[in-house]
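A.B. asks: Chains as they are written, first to last, in this note's numbering: chain A, 3 to 56; chain B, 3 to 288.
Quick caveat, the hints were computed from the structure, so don't treat them as lab data. Backbone N, C-alpha and C define an ideal beta-carbon position, used for all residues, glycine too. Misleading hints may appear alongside valid ones.
As the list claims (entries may be wrong) - In silico DSSO-like cross-links for lysine-lysine, where the CA-CA straight-line distance does not exceed 27 Å:
hint	chain 1	residue 1	chain 2	residue 2
1	B	Lys-14	B	Lys-32
2	B	Lys-167	B	Lys-94
3	B	Lys-260	B	Lys-227
4	A	Lys-46	B	Lys-281
5	A	Lys-46	B	Lys-283
6	B	Lys-167	B	Lys-226
7	B	Lys-66	B	Lys-124
8	B	Lys-124	A	Lys-46
9	B	Lys-66	B	Lys-227
10	B	Lys-32	B	Lys-227
11	B	Lys-227	B	Lys-167
12	A	Lys-46	B	Lys-273
13	B	Lys-17	B	Lys-32
14	A	Lys-46	B	Lys-14
15	B	Lys-37	B	Lys-17
16	B	Lys-226	B	Lys-32
17	A	Lys-46	B	Lys-167
18	B	Lys-124	B	Lys-273
19	A	Lys-46	B	Lys-260
20	B	Lys-17	B	Lys-273
21	B	Lys-167	B	Lys-14
Unchecked claim - The calculated label-pair distances, taken between Cβ atoms and stated as ranges, are:
hint	chain 1	residue 1	chain 2	residue 2	range
22	B	Lys-124	A	Met-3	54 to 62 Å
23	B	Thr-31	A	Asn-40	35 to 43 Å
24	B	Gly-103	A	Met-3	36 to 44 Å
25	A	Met-3	B	Asp-176	30 to 38 Å
26	B	Phe-113	A	Glu-8	18 to 26 Å
27	B	Ala-108	A	Asn-40	50 to 58 Å
28	B	Asp-51	A	Glu-51	25 to 33 Å
29	A	Val-43	B	Glu-84	23 to 31 Å
30	A	Cys-9	B	His-157	29 to 37 Å
31	A	Val-43	B	Gly-103	48 to 56 Å
32	A	Ile-21	B	Gly-209	26 to 34 Å
33	B	Ala-21	A	Asp-38	14 to 22 Å
34	B	Gly-209	A	Val-43	45 to 53 Å
35	A	Ala-11	B	Gly-103	23 to 31 Å
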Amino acid sequence: MAECVECGADVALHDDLEIGEIVDCTTCGAELEVVDVNPPVLEKAPELEEDWGE
Amino acid sequence: MNVGILYSRIRKDEKLLLAELRERGHEVTKIDVRKVQFGLTEPPEIFDDVDIVLDRCLATSRSKYATQYVAAYGIPVINSPETAEVCADKAKNSLALAQAGVPTPATDVAFTKESAMESIEKFGYPCVLKPVVGSWGRLMAKLDSRDAAEAILEHKATLGHYEHKVFYIQEFVDKPGRDIRVLATDGEPVAAMVRSSDHWLTNAAKGATTEAFELDDEALELVKKASDAVGGGLLGIDLMETGDGYTVHEVNHTVEFKALTDATDVDVPAKVVDWLESKVKVEVPA
């Protein structure tokens with residue numbers, strides 16, 4: 003469990019969490035990036051950019 | 003082996019690869035490209051023990067530059083910067099396919115609204131206008147009329163990044179509501195699926211439904227030729243059925259495969275790691 007940096011709600015996390023993974027806050031819908039796993043720390047995820055994806 | 007993973011976002015695809023590598027006892031060095039400074043001669047310290055680097059950058063710009071630097075340090079990198087350079091740009095991609103004799107949709111590149119309009123009128127309606135850089139089906143336009151074409155060209159010329167002023171115009175291929183995605187390693191198919199949708203865009207990212215697809219001899223040959231045309235590597239090759247064969251519209255160089263894993267019985271991450279292991283044996287002899 004970690005705290006959403008947008009709305010402060012608790013965010014449930016998987017056991018196999020990876021640094022760099024993106025999780026959604028189910029309360030406010032914010033996309034959050036996992037920046038540490040032990041203990042889990044979340045930051046607001048970077049915005050989608052035009053040259054992302056494939 | 004120690005596999006360096008270039009990333010800035012860990013998607014399900016990367017998690018599957020990380021799990022497979024760790025299960026086999028390989029070391030993994032996760033390299034967040036947002037935190038690295040790439041100097042001209044010496045590799046950053048984080049690359050010290052890696053045997054091979056796998057580029058999983060989500061951003062095309064990072065992928066193109068980071069792989070160039072890694073290769074310059076003499077570290078094997080998948081995919082090569084040459085492959086990334088060709089695949090990252092739809093115009094270069096189309097040119098490479100055509101030059102290799104791979105059937106690909108008729109495509110024009112034009113640099114002004116006026117010359118782009120001439121191409122559009124030549125192809126007739128509908129035709130397709132795509133950004134040269136970008137993915138997941140974003141900013142793709144199916145032009146059904148001259149009015150729509152003029153409006154979109156105006157928007158692109160006014161609002162766009164300079165790359166949006168490179169107009170990439172393509173004939174509309176009347177595919178049967180689906181296209182084919184093949185994941186291949188150096189031209190050898192790992193798995194293939196069809197992506198079906200009522201929408202003209204059939205990207206998995208746009209919500210297309212997927213199911214496994216059996217490649218015939220012609221498709222197998224085209225996958226090999228398309229892979230060779232862009233320099234080989236771990237690639238996603240997109241084909242469309244034309245009625246009397248196939249046309250290859252694109253080759254992707256940081257291919258996503260989670261939809262393919264769900265659609266087929268193939269253990270895609272396992273096959274990819276098998277191939278990576280074989281590359282290290284070839285490229286880093288003991």
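A.B. asks: Would you pick out the hints that fail for this structure and give their numbers low to high?
C.D. replies: 4, 5, 6, 7, 8, 10, 11, 12, 16, 17, 18, 21, 23, 24, 25, 26, 29, 34, 35
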